[in-house]
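Peer 1: Can you make the complete structure from the sequences, with help from the hints?
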Amino acid sequence: MPRTIVVTGSGSGIGAALATLFRDRGDRVIGVDLRGGEIDADLSTAQGRARAAAAAARAAGGVVDAVVTCAGVSVPGRAMVSVNYFGTTEFVTALRPALAAAPRARVVLIGSVSGTQPHDPAVVAACLAGDEDKALTLAGRAIAGGRAQQLYPSSKAALAQWARRTAVAEGWADAGIPVNVVAPGIVLTPMSAGLFDDPRMKKIMDKAVPMPLNGYLRPEDIARVVLFLASDANSHITGQVLYVDGGAEATLRGPEDF
Numbered sequence: 003m004p005r006t007i008v009v010t011g012s013g014s015g016i017g018a019a020l021a022t023l024f025r026d027r028g029d030r031v032i033g034v035d036l037r038g039g040e041i042d043a044d045l046s047t048a049q050g051r052a053r054a055a056a057a058a059a060r061a062a063g064g065v066v067d068a069v070v071t072c073a074g075v076s077v078p079g080r081a082m083v084s085v086n087y088f089g090t091t092e093f094v095t096a097l098r099p100a101l102a103a104a105p106r107a108r109v110v111l112i113g114s115v116s117g118t119q120p121h122d123p124a125v126v127a128a129c130l131a132g133d134e135d136k137a138l139t140l141a142g143r144a145i146a147g148g149r150a151q152q153l154y155p156s157s158k159a160a161l162a163q164w165a166r167r168t169a170v171a172e173g174w175a176d177a178g179i180p181v182n183v184v185a186p187g188i189v190l191t192p193m194s195a196g197l198f199d200d201p202r203m204k205k206i207m208d209k210a211v212p213m214p215l216n217g218y219l220r221p222e223d224i225a226r227v228v229l230f231l232a233s234d235a236n237s238h239i240t241g242q243v244l245y246v247d248g249g250a251e252a253t254l255r256g257p258e259d260f
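Per this note's numbering, residue 3 is the first one in the sequence shown, and the count goes up by one each step.
Hints in this document: simulated from the structure, not taken from any laboratory.
Hints are supplied without guarantee of correctness; some may be wrong.
[As the list claims (entries may be wrong)] Each pair of labels, with its calculated beta carbon distance range: (1) R226 x M3: 17 to 25 Å; (2) D259 x R37: 35 to 43 Å; (3) I239 x L190: 23 to 31 Å; (4) R220 x R255: 19 to 27 Å; (5) I145 x D200: 16 to 24 Å.
Just so it is clear, CB atoms sit at the ideal spot from N, CA and C, and this is done for glycine as well.
Peer 2: Put into structure tokens, the structure is as follows:
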């Protein structure tokens, strides 16, 4: 039976690949992106998130079978906090009633293996406290202090912790809604294309994210994993961070962390 799936960041990369896979299966996809989706929205603001979620719920007739959040930014800046973390968590939370109305709803968030790397604990704590103003202020201090590179890992570390906390919170597991994170390694997308054109940056990436199994990912590689977690077949997996990274996390953290 066709399902209704809301996909943020549906215009390119993983989101576009995933939307194609869902549609090929006969599902209905409500794409959310800055432009070109079924719903045009700016997830960097609280108002934009609320409007996008309300529009998605209306378009779905009040019943959403799955939400997959692929929207995100990789350019160092405060938007990493406002889009990557709050643009995901507030959007998903606003859609919880529509998810609860579905018989077998699923939530999958796109994280990153970078969430295991050095980050700013204060930014993470502010995100998890739901204090966007403070998180953005701290992000600004990190940028001013030459630590802008910590903001992407911070946003993804906070997202993973939010998912694990939310997955077992009231209104989610007890409503039959699994919440999981798929954490990719390096994915060949328009967002990362410029990095591969710079031999110096490519060398840095390969050292930071070693991928011994099959090398770099394509968006479709991630989309196929998301497809399972968002499907009816996933009955008991929740609160998990699934690293789809060619062995990067196991290489970097070793066998002791699992």
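Peer 1: Does each hint fit the structure? Answer for all of them.
Peer 2: Consistency of the hints with the structure:
1. R226 x M3: 17 to 25 Å: Once the Cβ atoms are compared, 21 Å apart, the range 17 to 25 Å for M3 and R226 holds.
2. D259 x R37: 35 to 43 Å: holds, 40 Å
3. I239 x L190: 23 to 31 Å: holds, 27 Å
4. R220 x R255: 19 to 27 Å: Holds, since R220 and R255 (Cβ atoms, about 24 Å apart) stay within the stated range.
5. I145 x D200: 16 to 24 Å: holds, 21 Å
When held up to the earlier numbered hints, the structure conflicts with none and fits them all.
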